[in-house]
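Going line by line, the protein sequences match chains H and S. With my numbering, the residue at position 64 of the first sequence is 805, and numbering never jumps. With my numbering, the residue at position 28 of the second sequence is 46, and numbering never jumps.
It is worth saying that the hints were derived from the structure and are not from the lab. Please read these numbers as outputs of a predicted model, since none were measured by experiment. Just so you know, even glycine gets a beta-carbon here, dropped at the ideal spot from N, CA and C. Some hints here could point you the wrong way.
[Said to hold, decoys possible] Covered stretches of chain H, as calculated for chain S (at least 3 residues, CB under 8 Å):
#1 760 to 769
#2 791 to 803
[What the hints assert, rightly or not] Computed spacing ranges between beta-carbons, pair by pair:
#3 S:Thr38 x H:Glu782: 16 to 24 Å
#4 S:Pro26 x H:Asn762: 18 to 26 Å
#5 S:Gly21 x H:Gly769: 24 to 32 Å
#6 H:Gly781 x S:Gly89: 28 to 36 Å
#7 S:Glu32 x H:Thr785: 43 to 51 Å
#8 S:Val30 x H:Arg847: 23 to 31 Å
#9 H:Arg847 x S:Pro26: 45 to 53 Å
#10 H:Gln820 x S:Lys96: 39 to 47 Å
[Unchecked claim] In silico DMTMM-like cross-links for lysine to aspartate or glutamate, where the CA-CA straight-line distance does not exceed 25 Å:
#11 S:Lys59 x H:Glu796
#12 S:Lys96 x H:Glu782
#13 S:Lys59 x H:Asp746
#14 S:Lys62 x H:Glu782
#15 H:Lys809 x S:Glu60
#16 S:Lys59 x H:Asp823
#17 H:Lys822 x S:Asp42
#18 S:Lys62 x H:Glu750
#19 S:Lys59 x H:Glu782
#20 S:Lys72 x S:Asp42
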Amino acid sequence: GQNIDQPTEMTATEGAIVQINCTYQTSGFNGLFWYQQHAGEAPTFLSYNVLDGLEEKGRFSSFLSRSKGYSYLLLKELQMKDSASYLCAVRSHNAGNMLTFGGGTRLMVKP
Amino acid sequence: EAGVTQFPSHSVIEKGQTVTLRCDPISGHDNLYWYRRVMGKEIKFLLHFVKESKQDESGMPNNRFLAERTGGTYSTLKVQPAELEDSGVYFCASSQQGAGNGYTFGSGTRLTVV
């Protein structure tokens, strides 16, 4: 089976940097996704990693280490609107390419 | 382009009743997925359509759940009869065939069974 772990909650200050970690165990790894979800809204795609290394997209970056089963999402210059849940999800060849989600990390940005 | 649309956004029904959820994927997206989030738990896969065919329905909880995608366009997910534990948020997502990324999710249907 697959197992994905991420912290339940994090708090950070406006303007700061926060790193949200995700560890996973899976066979047939075929990519790791990060989504942002505001309460009552659709999960919104943030990033996709399939090879080791860092993917940067504006204020958001995502890192992957396949050998360690580890990823992180880095948010820079935090804004109040970044308060949301951040979902780590893994895709596997062995699971029909559907996404397996972690429980999500609820990030609260304080002034 | 229009996003993934789900209807209704909220539904409250009594135990034993029937409810049908609808998902309209992004036009041209062959892949359509249903997911569910029960309160306090992670989002879990229910099933996957490629066009009108069920590719994987390993996540369907039991035979009270029936999903269809006639014509390969919109999809419905029917729960009959509904039980209390079926309460949760049901998400639909779509993607292009062969896409390396870009699953687009709908806003979900919040189902409450009382």
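Of all the hints given earlier, name the ones this structure violates by number, lowest first. 1, 2, 4, 7, 9, 11, 17
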